Amino acid sequence: MTEKITVALAGNPNVGKTSIFNAITGSKQHVGNWPGVTVERKMGKRVHNDLEMEIVDLPGTYSLTAYSLDEIIARDFIIEEKPDIVVQVVDATNLERNLYLTTQLMELGVNLIIALNMTDLSLAKGDRIDADKMQEFLEVPVVSTIGSKGNGIEGLLDEITKEFHRPQETDNVFTYDDAIEKISQDLESVLESDPFFIHYPSRWFSLKLLEGDENIIRKAKESDSYHGIEKILNKVDAELLEAKIADQRYKTIQTMLRQVCNINTCSLSGSDMVDRVVTNKYLGIPVFLSLMWAAFEVTFTFATPFMNMIDIFFGRLAEAVTNVISVPWLASLVGEGMIAGVGSVLIFLPNILLLFFMISLMEDSGYMARAAFIMDKLMSRIGLHGKSFIPLVMGFGCNVPAIMATRTIEDTRDRLITILITPFMSCGARLPVYVLLAGAFFGRDAGVVIFSLYALGILIAVVSAKLMRGTVLRGEDTPFIMELPSYRVPTLKGSAIHMWERGRIYLKKAGTIILIGVVGVWLLASMPAPGSNAVFASDAVYGTTQSVIGVIGQFMEPLVAPLGFDWKIAVALLFGVVAKEIVVGSMGVLYGAGENEDNLSQILAAGAMTPLAGLGLMVFTLLYAPCFACIGVIKRETGSWKWTMFQLLYGTSLAWIFAFIVYQAGSRMGLLV
Amino acid sequence: MECNYSNKEVLFAALAGVLYSLFGIFNIAEGIGVNTGLAGILFVPGDILGGICLVVIGTVFLYGLKEMRQGINAGVSFVYVGILLSLVFMAVYLLIMAGSLLDSFIVPDDYEGWSIMETFRPGIYLGLLSIAGMLYWKDSFSLHEVLVFREGY
Chain P
1 MTEKITVALA GNPNVGKTSI FNAITGSKQH VGNWPGVTVE RKMGKRVHND LEMEIVDLPG
61 TYSLTAYSLD EIIARDFIIE EKPDIVVQVV DATNLERNLY LTTQLMELGV NLIIALNMTD
121 LSLAKGDRID ADKMQEFLEV PVVSTIGSKG NGIEGLLDEI TKEFHRPQET DNVFTYDDAI
181 EKISQDLESV LESDPFFIHY PSRWFSLKLL EGDENIIRKA KESDSYHGIE KILNKVDAEL
241 LEAKIADQRY KTIQTMLRQV CNINTCSLSG SDMVDRVVTN KYLGIPVFLS LMWAAFEVTF
301 TFATPFMNMI DIFFGRLAEA VTNVISVPWL ASLVGEGMIA GVGSVLIFLP NILLLFFMIS
361 LMEDSGYMAR AAFIMDKLMS RIGLHGKSFI PLVMGFGCNV PAIMATRTIE DTRDRLITIL
421 ITPFMSCGAR LPVYVLLAGA FFGRDAGVVI FSLYALGILI AVVSAKLMRG TVLRGEDTPF
481 IMELPSYRVP TLKGSAIHMW ERGRIYLKKA GTIILIGVVG VWLLASMPAP GSNAVFASDA
541 VYGTTQSVIG VIGQFMEPLV APLGFDWKIA VALLFGVVAK EIVVGSMGVL YGAGENEDNL
601 SQILAAGAMT PLAGLGLMVF TLLYAPCFAC IGVIKRETGS WKWTMFQLLY GTSLAWIFAF
661 IVYQAGSRMG LLV
Chain G
1 MECNYSNKEV LFAALAGVLY SLFGIFNIAE GIGVNTGLAG ILFVPGDILG GICLVVIGTV
61 FLYGLKEMRQ GINAGVSFVY VGILLSLVFM AVYLLIMAGS LLDSFIVPDD YEGWSIMETF
121 RPGIYLGLLS IAGMLYWKDS FSLHEVLVFR EGY
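From first to last, the protein sequence lines stand for chains P and G. Once you know that position 629 of the first sequence is 629 in UniProt numbering, the rest is easy, because the numbers rise by one and skip nothing. Once you know that position 104 of the second sequence is 104 in UniProt numbering, the rest is easy, because the numbers rise by one and skip nothing.
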């Protein structure tokens, strides 16, 4: 009979948990969110030796003293959900740091198996690790694996089966000095006498109390016996004890490592060599900026033929469909509304996919962690943390996953500021607006204009962070503590999967929100305004002041008139809040450009808008309220409508002010009129 | 620490450092409108940002040269990583060429009178030097984790 068990994959960040998860579960996996929070939850199934295993890929954590949201989720899952087996994935090239978590998992008394991963890399470095000796020392099964190639996975599954059927013993392997042991036992006796703590291993809980773990102390305060616990804790210096406990754990680890490993320290490893250059005080930042430039150059130039292919395809499709449908309004809806609208968004899919591919290559190789490290000094000058840098770079692809990526930032203020400034990073959805307007008005200088907009976004983000840090979110700087993972060869498959996972969100958006948006714009542009006697979808109504959209636009026009925008732009910007891509689709509909993207460009360049207003529109699109999906994520990640509204109002006010300055100052100086 | 670099690495760092820096400066000069006279012969474009990147690669080589001359053995890291960086940029320029070539078939009207050599860049032929360096030092090129996945354990 098949038994069902839960297996949790735990471990430090970047140790290859996800590779092992993918190797075990193959295609039988699904992704959701952890209850109540938007941290990705990967689950999958695998049947092996009459056991139906539900595999849960936990977020990376360095220790069970949880600081970041990821760490709290991983710890709570292990403690509250009590998985049958915990597989700790350990990076064989960085044993000392990884085994710190092992000591804590063992203290927790979980059924632990160690997957000694990336053994190929440690071998290449010249290290020799005796897995059998390690198993003997720790009294925990140790299996060698190479997750990226699927090596050792069957052995790991066999070991999970064996461990599940093995009778459990919960002996302590790690002992501390007499003073710590004495206090720990005093606490344990209080904990064991109170049924409130029955859920927690008392040894582990007492050590967490001694380490001064805030979450654990908060939990203890809920019990009736907290008075007794407090009395014991008042006798000790928590900070000193925390350091002593960590020190003694590391000493035990070092003793074991001396017996089971032969670490090659004779030559400079490849990682060390690369790190000497990319983290160099003078060269680190220039090298990083050069690589970013290379990534953007490939993104925007190699994508061109693929963009043209999509453009041609949708142009022909719209033409064919329009010719086939004999009912004029339906032909207009399908051709000018749906196909042209969605096509104008899908045209940027190659850019988005390539950008995500480049970012994946940098992340998977281990370089992105170095980027955060080298940028820390610069980031701290603007009141941010080095870790804020990665979400900001991701924001160039899409602000939604970028805001979700801020959860790795431990400090609440740093995290909040990063969330609030991420929408100023020009995401891929704004690109269609830039390309259209820069192409229409700036010809050969379009590239420089687009680059300047990216730079302006960064500048506004930097100044905003500095302002917020000095005013509404004042606080101490937090130190940069982040493990630099070993460099790895990013696999084409791995990067392609990451690229597709993120690109799929864009595609899904094009197929749903954007399609609904452009159809909505078409409908409002086709419906006669109340009181007028015009005919639905007739040329006299479509996209004119006689339509419903015309009435809405004219109502809004006074707000945007000082920026040089007419009512059509006001409407396009309003719909742009649904998704930024709709700005171009809406303009296409309202300016009557039809299915061809080039038509709109020609209409604008022919005088529908001045170059100065075009520049102001690009600036406004960069800074104003982000899209619905992004607003939703800001609300969920900040947990506050107050901060969400602050971002919307702050961004939109900045957008108006900057577009006003561009248009008014430019007009007075006689520029680009 | 024991070092196993020879005068060849020092010479390579000097040559690559000077060439990359020089061509980077030419790119920048063309970009700001100075006619270097090399646009036709050596395919030097007016590309300020691309030029800065070439200068950065050149500086990596020259930094290694400086360290090795000072007796810092680990300075050889800059030569090997400089080679890697230059190969990355060579790949980038080749991708750009490939993209333009493909585009010329898709929208031929936009490419009337165009030649593939218009997208040829110094980063490509300078990269050949790095390929030679990489092939020469492939055995002592101890970036195992970066370049090699060994089978078996």
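Some clues are possibly wrong.
Said to hold, decoys possible - Here are the simulated DSBU-like pairs of lysine-lysine, each with C-alpha atoms no more than 35 Å apart in a straight line:
#, chain 1, residue 1, chain 2, residue 2
1, G, Lys-66, P, Lys-281
2, P, Lys-149, G, Lys-66
3, G, Lys-138, P, Lys-281
4, P, Lys-4, P, Lys-231
5, P, Lys-377, G, Lys-66
6, P, Lys-493, P, Lys-466
7, P, Lys-42, G, Lys-138
8, G, Lys-66, P, Lys-493
To be verified - Partner residues are not named here, just some residues of chain P that face chain G (Cβ under 8 Å, in silico):
#, residue
9, Gly-150
10, Ser-225
11, Glu-297
12, Val-298
13, Pro-305
By construction, these hints were calculated from the structure, which means they are not laboratory data. Being a predicted model, the structure only gives us computed values, none of them experimental. Beta carbons are placed, not taken as given, at the ideal position from N, Cα and C, and that holds for glycine.
Cross-check of the supplied hints:
1. Taken as a hint, the G/Lys-66 and P/Lys-281 pair is honoured in the structure, with Cα atoms around 15 Å apart against an allowance of 35 Å.
2. In summary, the hint linking P/Lys-149 to G/Lys-66 is not supported, as the alpha carbons are separated by about 41 Å, beyond the 35 Å threshold.
3. The straight-line distance between the Cα atoms of G/Lys-138 and P/Lys-281 is roughly 28 Å, inside the 35 Å bound, and the hint therefore holds.
4. Our distance criterion of 35 Å between C-alpha atoms is broken by P/Lys-4 and P/Lys-231, whose separation comes to about 44 Å.
5. Only pairs whose Cα atoms come within 35 Å are accepted, and P/Lys-377 paired with G/Lys-66 is accepted, the gap being roughly 25 Å.
6. Simply put, P/Lys-493 and P/Lys-466 have alpha-carbon atoms about 40 Å apart, too far for the 35 Å limit, and the pair is violated.
7. Taken as a hint, the P/Lys-42 and G/Lys-138 pair is broken in the structure, with Cα atoms around 40 Å apart against an allowance of 35 Å.
8. Between G/Lys-66 and P/Lys-493 the CA atoms are separated by roughly 40 Å; this puts the pair beyond 35 Å, and the hint is violated.
9. Because the closest C-beta pair between P/Gly-150 and chain G is about 13 Å apart, greater than 8 Å, the hint is violated.
10. With a cut of 8 Å, the hint placing P/Ser-225 at the interface with chain G is violated, because the nearest CB-to-CB distance is about 50 Å.
11. Taken as an interface hint, P/Glu-297 checks out: its beta carbon lies about 6 Å from the nearest beta carbon of chain G, inside 8 Å.
12. Using the Cβ-Cβ criterion of 8 Å, the hint placing P/Val-298 at the interface with chain G is satisfied: the shortest such distance is roughly 5 Å.
13. Below 8 Å, beta-carbon pairs count as interface contacts, and P/Pro-305 has one with chain G at about 4 Å; its hint therefore holds.
Checked against the numbered hints given earlier, the structure breaks hints 2, 4, 6, 7, 8, 9 and 10 and satisfies all the rest.
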